[in-house]
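Participant: Fit chain X to the known structure of chain S by using the hints.
Listed in order, the protein sequences are those of chains S and X.
The first sequence lines up with residues 1 to 358 when you count with the working numbering.
The second sequence lines up with residues 1 to 358 when you count with the working numbering.
It should be emphasised that the hints constitute simulated quantities derived from the structure, not laboratory data.
In silico EDC-like pairs for lysine to aspartate or glutamate, Cα to Cα no more than 20 Å straight-line: (1) Lys-315/S / Asp-27/X; (2) Lys-102/X / Asp-219/S; (3) Lys-246/S / Glu-19/S; (4) Lys-102/S / Glu-225/X; (5) Lys-102/X / Glu-225/S; (6) Lys-313/X / Glu-44/S; (7) Lys-105/S / Asp-219/X; (8) Lys-276/S / Glu-300/S; (9) Lys-358/X / Glu-300/X; (10) Lys-105/X / Asp-219/S.
Protein chains: 2
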Amino acid sequence: MRKHNFNAGPSVLPEFTLEQTAKAVLDLNGIGMSILEISHRSKEFEAILAETKALFKELLNVPDGYSILFLGGGASLQFCMVPFNLMNKKSAYLNSGSWASKAIKEAKFFGEVVEVASSKNDNYTYIPKNYSIPEDADYFHITTNNTIYGTELKKDMDVKIPLIADASSDIFSRPMDVSKYGLIYGGVQKNLGPSGIAFVVIKNDILGKVQRPIPTMLDYKTHIENDSLYNTPSTFAIYACLQTLKWIKSIGGVNTIHKMNVEKAQMLYDEIDRNKLFKGTVTVAEDRSIMNVCFVLNEEFKDMESEFLDIAKVKGFVGIKGHRSVGGFRASIYNALPKASIVALVDAMKEFEKAKIK
Amino acid sequence: MRKHNFNAGPSVLPEFTLEQTAKAVLDLNGIGMSILEISHRSKEFEAILAETKALFKELLNVPDGYSILFLGGGASLQFCMVPFNLMNKKSAYLNSGSWASKAIKEAKFFGEVVEVASSKNDNYTYIPKNYSIPEDADYFHITTNNTIYGTELKKDMDVKIPLIADASSDIFSRPMDVSKYGLIYGGVQKNLGPSGIAFVVIKNDILGKVQRPIPTMLDYKTHIENDSLYNTPSTFAIYACLQTLKWIKSIGGVNTIHKMNVEKAQMLYDEIDRNKLFKGTVTVAEDRSIMNVCFVLNEEFKDMESEFLDIAKVKGFVGIKGHRSVGGFRASIYNALPKASIVALVDAMKEFEKAKIK
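If we strip away everything but chain S, and leave its shape as in the complex, we get (with noise of 0.2 Å):
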């Protein structure tokens, strides 16, 4: 029986996904070779990239004059990608978390970084707001999605300099005007596939304003020209990927997906605000996340935080423990957790309140 699997990332999958990429391991459409097994420049695969590139654009509404890549190390080696390649002098960062604050490390590296707003001494419980960002920096990065702390930046923002944005957990899961980004990356283990890579939406036209040599693997030039097979790619990654893209498009598209997220998040935002025991850690309404959703005991039930995830573990939900750096619980609801999940959890939280609460 499959668990409630609110696990972070590498998280749940939609088990078309899981179906067709099973299918394929064994033999690819019946061409006597595995999806392991075929050539990255095979007609077969040429077909796979070009259709996941195809879907992803269509799906995310990603307009002309930008590349879409697939590249292998996952979201934290486009933390230095970025700065290699966009970066002259001087950069503007905000700080909503733990990955923002890795992003902003690596871009460290390359020169001046201002930080132009930081929830950092409030642990992270909210999205900055009101900053002004220097109109002289090469780019503005921000995390769209703080996938440990639940908050999420649900605004395309306009800005002067090109907005580069981390969008690993919340990709795909909402309309994005990606007009407004110069850059849109993310890994892709949870709401596309398996981990692993990295997916890139760069508008072409921000790249080649740096000095600075940059080695070839490291150049997104290399892989816009090589449509990302200037190395060998992960091809069972995008594979998968393609399968979680077909799965979004027959159930209706990202304002489908959009509308069943806000609706699962609601159920148990609702329920966090309404048990007893039990209270949100994000303190800014608004910035509340519809991905991952942390929340805690309240102070005078908080010895019964091991007891809750002894009963989570019987009702065979995993994951659900909140990341070290918040405690108490997180439940990561991405696009391809079903409702029923969601209706568990929340039920587990009634039984619950009124197991302790008479």
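Facilitator: Just chain X, lined up with the frame of chain S:
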């Protein structure tokens, strides 16, 4: 029906690997989640990683004092990570093929590169010999097997400075004396698993000798200290490698595999040498690779190339067309290629000869 898969990489994998990974994509050992859906920090994945490393160490006989890493980005990213981490001002490279040449190109971003010898002017038809290695270089880099040109450096060399080897296409095909190397790396997509990651076997004490700042993801120390879990690795690719390592062990280990490889290669080279239509492209017999067998039609039969490729197609041979740099044919005959595929190819060559030379 399974094809005779002579692909250069991604390439044929053991059926055991395909069956086990397909099962795990649906449900990993009955835990109610796919291998694609579990956290890289879960106890399940920790056990997978530990077992993969232990088997790798056991089968390749890796001495203590070395770390075994699985990193994103493939061997091409290692081309720049090696000099980033190990080269202060000067390094030495043997230019034995296209991949060696690409590695040299990346090293030049970091300082002076001494090309100790090159067979480029002879289209890499042999491995250069009788050169001297500058002892003031920080390391000496070789490519143990040249996938495109079908040459192989089969001896573990004694070198006074750290020896670095790209062993992408012959790792686990023969026993290696790892103690003679400072670092061995390679993409896993030939003899181990799916494309997308690189293995790195690194002697810990060769690190810490360069002055330059290294971005976190490009620093081997990061990955050693975090046991390949600094960022989310390709959990699926590592799981697939584990299955192949189990398969290698089950058939008797690397010595057994090596005997099988030598026998398979010999059968094919014998036919190439015997058959009046064909000839091998490697000019020095001892340099002939046991992994990639390159051959062409003799001058007077050159116009029959596409005819033989058509026959190959009908017979279910995949990937037999030679790389454009060499032309003719290339049979990549990695560990997992069954002897039956060699027999089929040899038979086809004999038949073709009979049809053409009355």
